[in-house]
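Enquirer: Listed below, chain by chain, are the residues.
Number of protein chains: 6
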Amino acid sequence: MADAERFEQGRARFGELMGRDIKSESGADEFMDVTFENLFGDIWNREGLSLRDRSMITCAALIALGKEEELKIHFRGLLNQGVTADEIDEMIIHLAHYGGWPNAVAARRAATSVFEKTGAR
Amino acid sequence: MADAERFEQGRARFGELMGRDIKSESGADEFMDVTFENLFGDIWNREGLSLRDRSMITCAALIALGKEEELKIHFRGLLNQGVTADEIDEMIIHLAHYGGWPNAVAARRAATSVFEKTGAR
Amino acid sequence: MADAERFEQGRARFGELMGRDIKSESGADEFMDVTFENLFGDIWNREGLSLRDRSMITCAALIALGKEEELKIHFRGLLNQGVTADEIDEMIIHLAHYGGWPNAVAARRAATSVFEKTGAR
Amino acid sequence: MADAERFEQGRARFGELMGRDIKSESGADEFMDVTFENLFGDIWNREGLSLRDRSMITCAALIALGKEEELKIHFRGLLNQGVTADEIDEMIIHLAHYGGWPNAVAARRAATSVFEKTGAR
Amino acid sequence: MADAERFEQGRARFGELMGRDIKSESGADEFMDVTFENLFGDIWNREGLSLRDRSMITCAALIALGKEEELKIHFRGLLNQGVTADEIDEMIIHLAHYGGWPNAVAARRAATSVFEKTGAR
Amino acid sequence: MADAERFEQGRARFGELMGRDIKSESGADEFMDVTFENLFGDIWNREGLSLRDRSMITCAALIALGKEEELKIHFRGLLNQGVTADEIDEMIIHLAHYGGWPNAVAARRAATSVFEKTGAR
Chain A
1 MADAERFEQG RARFGELMGR DIKSESGADE FMDVTFENLF GDIWNREGLS
51 LRDRSMITCA ALIALGKEEE LKIHFRGLLN QGVTADEIDE MIIHLAHYGG
101 WPNAVAARRA ATSVFEKTGA R
Chain B
1 MADAERFEQG RARFGELMGR DIKSESGADE FMDVTFENLF GDIWNREGLS
51 LRDRSMITCA ALIALGKEEE LKIHFRGLLN QGVTADEIDE MIIHLAHYGG
101 WPNAVAARRA ATSVFEKTGA R
Chain C
1 MADAERFEQG RARFGELMGR DIKSESGADE FMDVTFENLF GDIWNREGLS
51 LRDRSMITCA ALIALGKEEE LKIHFRGLLN QGVTADEIDE MIIHLAHYGG
101 WPNAVAARRA ATSVFEKTGA R
Chain D
1 MADAERFEQG RARFGELMGR DIKSESGADE FMDVTFENLF GDIWNREGLS
51 LRDRSMITCA ALIALGKEEE LKIHFRGLLN QGVTADEIDE MIIHLAHYGG
101 WPNAVAARRA ATSVFEKTGA R
Chain E
1 MADAERFEQG RARFGELMGR DIKSESGADE FMDVTFENLF GDIWNREGLS
51 LRDRSMITCA ALIALGKEEE LKIHFRGLLN QGVTADEIDE MIIHLAHYGG
101 WPNAVAARRA ATSVFEKTGA R
Chain F
1 MADAERFEQG RARFGELMGR DIKSESGADE FMDVTFENLF GDIWNREGLS
51 LRDRSMITCA ALIALGKEEE LKIHFRGLLN QGVTADEIDE MIIHLAHYGG
101 WPNAVAARRA ATSVFEKTGA R
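Chains as they are written, first to last, in my numbering: chain A, 1 to 121; chain B, 1 to 121; chain C, 1 to 121; chain D, 1 to 121; chain E, 1 to 121; chain F, 1 to 121.
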C-alpha cells in the first residue's frame, strides 16, 4: 500500500476513534506522517481487537505511565467509544496501584479537564 | 469490615480472576495481607468495571511498564476471562508503540511462557 | 472498621503529616475516598515506621521518579516533620545519581517553590 | 583532591555503609573508578545527611524504581545501619503505593534473598 | 509497498546493522512481522541519519532505560558499526547521570556479556 | 584537582557545548556546584567520546525518557554541535519506538520551541 494511502487510512481511523473528522494532510510534518501511516494506519487498523478495547488499553497504558497530555486526547476517544466518566474514574483508581499514585493523580487532572470540556460530567 | 473479612474477599476475588481456588491465610505475611485486603479485597471488588476489563487494563499497564514477572500471573487471569492468546498478541503489538519496544519484547517473553504452560496455543 | 472511620483516620493522619487540619468529606470524590481510606488511613497509619521516616521515603521515591507536582505537597510535609531545607537539598543531590539528573532538576523546581512559599529559606 | 584519594575515600565510605572492608583498586575498571570517586567518594561522603538516612533514601528510590539487583546490595547496607527487616517490609508496603505494585514485588524478592543470606530473619 | 517487501527491507536493514545475514520469514509471527516491516523496514531505513548514529541513539536510549536484554542485541550492532568497547564504556558512564546508576549497572552487565562473546575485549 | 578548578572546567565545558559563555560562580548553589564539578567537569570532560557524540546520546536518553524541560537546553547544544533540525526530527521519530510515543511527543514540543527560538527552522 502506498504511504499516502496508509496516511489516509490512519487519518480516518483516528477520526473514527475521536468521533469527528480529523483534518490533516500527508507530507506536511514527518512525525505526523509516521503517526498516521504507521501507528493509526497500520496498527490501530489491525483486526483482532475492537476499537473500544484498543482505546481502553491505550488509556490504561497512559494512566500507568502518567502521561497527562496524551490522556487529554485519548480520554476523549474513550468517551466516544462509549466508556463513561465513572468507568474512567474506576480505571484511574485501579491503576493507581500498578503505576503508582503520582501517575494516577496526573491522569485525574487530565480526566477532570476532559470531563469539563466535553460535558461528560 | 474487619481486616480478616477483607482478606477473605480479596482471596476470593483473586481466585475468581484466575479461575481456581487460591489458598492463602491472613496473618502469615504482611505484604500479602495488604495485597489481599486492599488491592484485591477493596479495589478489584469495586463495582463500575467488569472483571474482564479490570484484568485487561491491568495487563495493558504491565505491558507498557515491561513487568515480565507480573505478566506471567496476569496473562493467566486474562486468558481465564475469555481474552484469547491472539488478542494478547494484539495488545502487545499495539502497546509497543506507547510503552516502547523493549517493554513489549519483555511482555512477549511472559506471554510465550504462559501460552506454553496453559496450552493456550 | 467502617469506610467512613478509615477515611476519618486517613484525613487525620494526613493532617498530622502536614501540620494543619485537612478539611475533606467522605463521599464527595471516589479517588479521594480511596486515598484517605486506603493510603493514608490504612498504610500511613501502620506501625513500624515513624511518620518522619514515611515522609522521607515518600519524598525519596518522588524525587527518583521526578514527580514535581506531588513533591510540592510532600516537601511541605517533610519540612513539617523537622527535616530542613538543607537536608532536602542533600536528598536531591544524592538521588540525582539514582533516578537521573532530569528527575532531580524537577525535584529542585518543586523544592524552590515550596521553600519560597513556606519561608523555609 | 587527587582522583586516587577520592577513590580511596569512596571505597572507605562504601565499606562503612556495608560494615565490612571493600577490596577494590583504583584504575582497574573505569566505571568502578567513577562509582568510587564521584558517587561514594564525593556524594555519599557529603555532610548534611546521616549515613543511615542516605542508605534509607537510596533504598526508597530503588524500591520505587523496582531495581531488584541493586537492592540486593543496598538492603544489606540498610540492615547494617540498624534498620530492621520489619522496617524494610514496611518501606516496601508503603512505597508500593508510590512506585506501583510490580516494583514492590521485585523489592520483596530482593529483600527475601538478603534476609535469608544475612540471617536477618 | 507491499508488506512482504517492507518485511524483506527490514530484514536486510537489521542484517546490515548486525553485520550478518538474518534469517526470518514473513508471516510466521505477527510481532516479528511488525518489527521487520514497521520498525526496521520503515523507520531504520529512513534517510536523514546514518546507520551508525541510529545504532548509537538506540543504545543510548536502552542504557538510559536499563533494558539489559535488548542491549545484548544492540551492543553487537554498535560494535559492528565501528564503535569500540571503550566508547561503549564511556556511553554507560556518561548516561549513568541521566538514566540513573541502576540502569547503567544493568547496561554494564549486558556490555560485559557482549564483549566476552564477541571477543571485543 | 580542587573543587573550584573542577567547577571552572565544568563551566567551560558546558559553554563549549552551548556555544556561548556560561556565567556561573562556584559556591552559590550546592546542586549547581555538583552539576558543574561532577557532571560537566568530570564526566563531560572525559576523553573517549567526542562532544558531538556526548551531546547526541544525552539527547537520545532525554527523548526516550520524555524529559521535555531538559531537552529545551540540550537540543540547543546539539544544534550547536552541528546536528541539524531535520536530524533531530529523525531522532525523535526513531526513538518513539523505543521510549514510546508519549515521550516522543514531549520531545517534539521541546524541539519546536527550540527551533523557533534559535531560528533553526
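These aren't lab readings, by the way, just hints derived from the structure by calculation. Since we're looking at a predicted model, the values are computed, not measured. All C-beta atoms, glycine included, are put in the ideal place defined by N, C-alpha and C. A hint or two may mislead.
Cβ-to-Cβ under 7 Å is the rule here; a few derived chain C residues that face chain E [unchecked claim]: (1) Phe31; (2) Thr84; (3) Gly99; (4) Phe115; (5) Ala120.
Computed far set for chain E versus chain F, every beta-carbon distance over 10 Å [as the list claims (entries may be wrong)]: (6) Gln9; (7) Gly19; (8) Ile43; (9) Asp53; (10) Arg54; (11) Glu90; (12) His97.
Enquirer: Now look at each hint and say whether the structure bears it out.
Expert: Hints and how they fare:
A cut of 7 Å between beta carbons decides the hint on C:Phe31: the least distance to chain E is about 29 Å, and the hint is violated. Restraint check, C:Thr84 versus chain E: the minimum CB separation of about 25 Å is more than 7 Å; hint violated. Checking C:Gly99 against chain E: minimum C-beta separation of about 5 Å stays under 7 Å; hint holds. For C:Phe115, the shortest C-beta to C-beta distance to chain E is roughly 25 Å, which exceeds 7 Å, and the interface hint is violated.
Among the interface hints, the one on C:Ala120 is violated; its C-beta lies about 27 Å from the nearest C-beta in chain E, farther than the 7 Å criterion. For E:Gln9, the condition that its CB be more than 10 Å from all CB atoms of chain F holds, with the nearest at approximately 16 Å. Here E:Gly19 stays apart from chain F, with its beta-carbon at least about 20 Å from theirs, past the 10 Å limit. Interface exclusion of E:Ile43 from chain F breaks down, the closest Cβ pair being 6 Å apart, not more than 10 Å.
With a least CB separation of 7 Å from chain F, E:Asp53 falls inside the 10 Å interface cut-off, contrary to its annotation. A beta-carbon of chain F comes within 10 Å of the beta-carbon of E:Arg54; the shortest separation is about 6 Å. Distance check for E:Glu90 against chain F: the nearest CB is about 4 Å away, which does not clear 10 Å, and the non-interface claim fails. The Cβ of E:His97 sits about 5 Å from the closest Cβ of chain F, inside the 10 Å cut-off, so the non-interface label is violated.
When the structure is compared with the earlier hints, violations turn up for hints 1, 2, 4, 5, 8, 9, 10, 11, 12 and for no others.
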